[in-house]
Amino acid sequence: MNLIVTALFAVEDPSQTHHWLLPETAEIIYGGLASTIVFVGLYKFAGPMVKKSMKARTEKIQKELDGASSARSKSEVDAADIRRALGDIEAERKKILAEADTQAAAILVDGRARLVKEVAELEAKAVADLSAARGRSGEELRGEIARLSSAAISSAVAASLDDRAQQDLIEGFIKSVGASK
Amino acid sequence: MSDARIEAYSRALFEVAQAEGNLNIVEDELFRMARAIEANEKLRSTLTDATIPVARRQQVVEELLGGKASNTSIQLVSLIIGAGRGRELPAIVDRLVQRASSEQQREVAEVRSAVALSDDQTKRLAEALSKSTGRKLNLKVVVDPSILGGLVATVGDEVIDDTVRTRLEQLKTRI
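Read top to bottom, the protein sequences are chains F and C.
FYI, the numbering used here numbers position 1 of the first sequence as 1, with every residue one higher than the one before it.
In the numbering used here, each number is its position in the second sequence, counted from 1, plus 1000.
Worth flagging that the hints you see were computed from the coordinates, not collected in a lab.
Wrong hints could be hidden among the right ones.
Claimed, not checked - What follows is a set of in silico ranges between Cβ atoms, one per label pair, in the way DEER data are often shown:
| hint | chain 1 | residue 1 | chain 2 | residue 2 | range |
| --- | --- | --- | --- | --- | --- |
| 1 | C | VAL1054 | F | SER137 | 55 to 65 Å |
| 2 | F | LEU115 | C | GLU1169 | 49 to 59 Å |
| 3 | F | SER131 | C | THR1173 | 20 to 30 Å |
| 4 | F | GLU171 | C | GLN1104 | 20 to 30 Å |
| 5 | C | THR1173 | F | ASP162 | 22 to 32 Å |
| 6 | F | SER155 | C | THR1173 | 14 to 24 Å |
| 7 | F | ALA159 | C | VAL1054 | 39 to 49 Å |
To be verified - Residues from chain C that face chain F, not an exhaustive set, calculated with beta carbons under 10 Å:
| hint | residue |
| --- | --- |
| 8 | VAL1115 |
| 9 | ASP1119 |
| 10 | LEU1125 |
| 11 | ALA1128 |
| 12 | LEU1129 |
| 13 | GLY1150 |
| 14 | LEU1151 |
| 15 | GLY1156 |
| 16 | VAL1159 |
| 17 | ILE1160 |
| 18 | THR1163 |
| 19 | ARG1165 |
| 20 | LEU1168 |
| 21 | LEU1171 |
| 22 | LYS1172 |
| 23 | ILE1175 |
Every residue gets a Cβ at the ideal spot worked out from N, C-alpha and C, and that includes glycine.
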């Protein structure tokens, strides 16, 4: 606040300067020359560095842009690969599922066929066993009948072999041997 | 027992029987004795049992044959038993019978019958077998009840079997 008041009073004071805004002419000239020299120096010495810096920055940015573009291209390629791979995976999944279905169907068919065959074999074996059992029973029965018959015949024959029968057998042997030559 | 030993014993029996002049009787009695030993397991084991003293076994023979066989036959069997050759007695006797038959130009014909044959039947049977085989035969009849009935004659390798036992066996086979 004090500074503003001081400035207003200074503008009103002609002894301080010929114009409240512009400096003295000499100061303008000296100041202008000094500024020109500074600008020329800056242009002469700092300009190339600035240009070089700007060029490097531009190249860096361009390089970054190129890298980004390359990365993008690569990403797009990768994305395409992934999409293709996804497509392949889907196809492979479908193929595997189809093969699994086929194998399952084949196993089912084989299993049914095997079961049918085993059942048929079991039935045939059961029938054969039954038949064999019947045959054995028949044979055992026939054997028993034959054994009993033989025993009965032997007993009957032995009982009938009295002395007369023995003599008849002996005489019959002698006659048959004497008749043969 | 080796064949040579059986042969030696049979030759000794033959010489003794021949010297005693009753070869036919002795070989016939010994033949029956041998068949009896073969058929009787108890008798066979008694006569061949080394744990029974020899004198006791000879006594069994004498008691068994006493009055049924000639003294020569009894003494010869006692000799065999005393020599510890009771097990080989049938083989020795068979060789003796063969030797005696050969001496008479005859072949041994063994006939088994369920019952004893009469002399007439034995004679007619010997004639019939001689006629049938065409050979002179020394007939030996063995009573063997196990054949039940009928006769079976063995002459060498030839067997004429007409026994009830064989017929029953055939019948059993057919049944």
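Query raised in the report: Quick check: which numbered hints come out false for this structure?
Result: 9, 15 and 16
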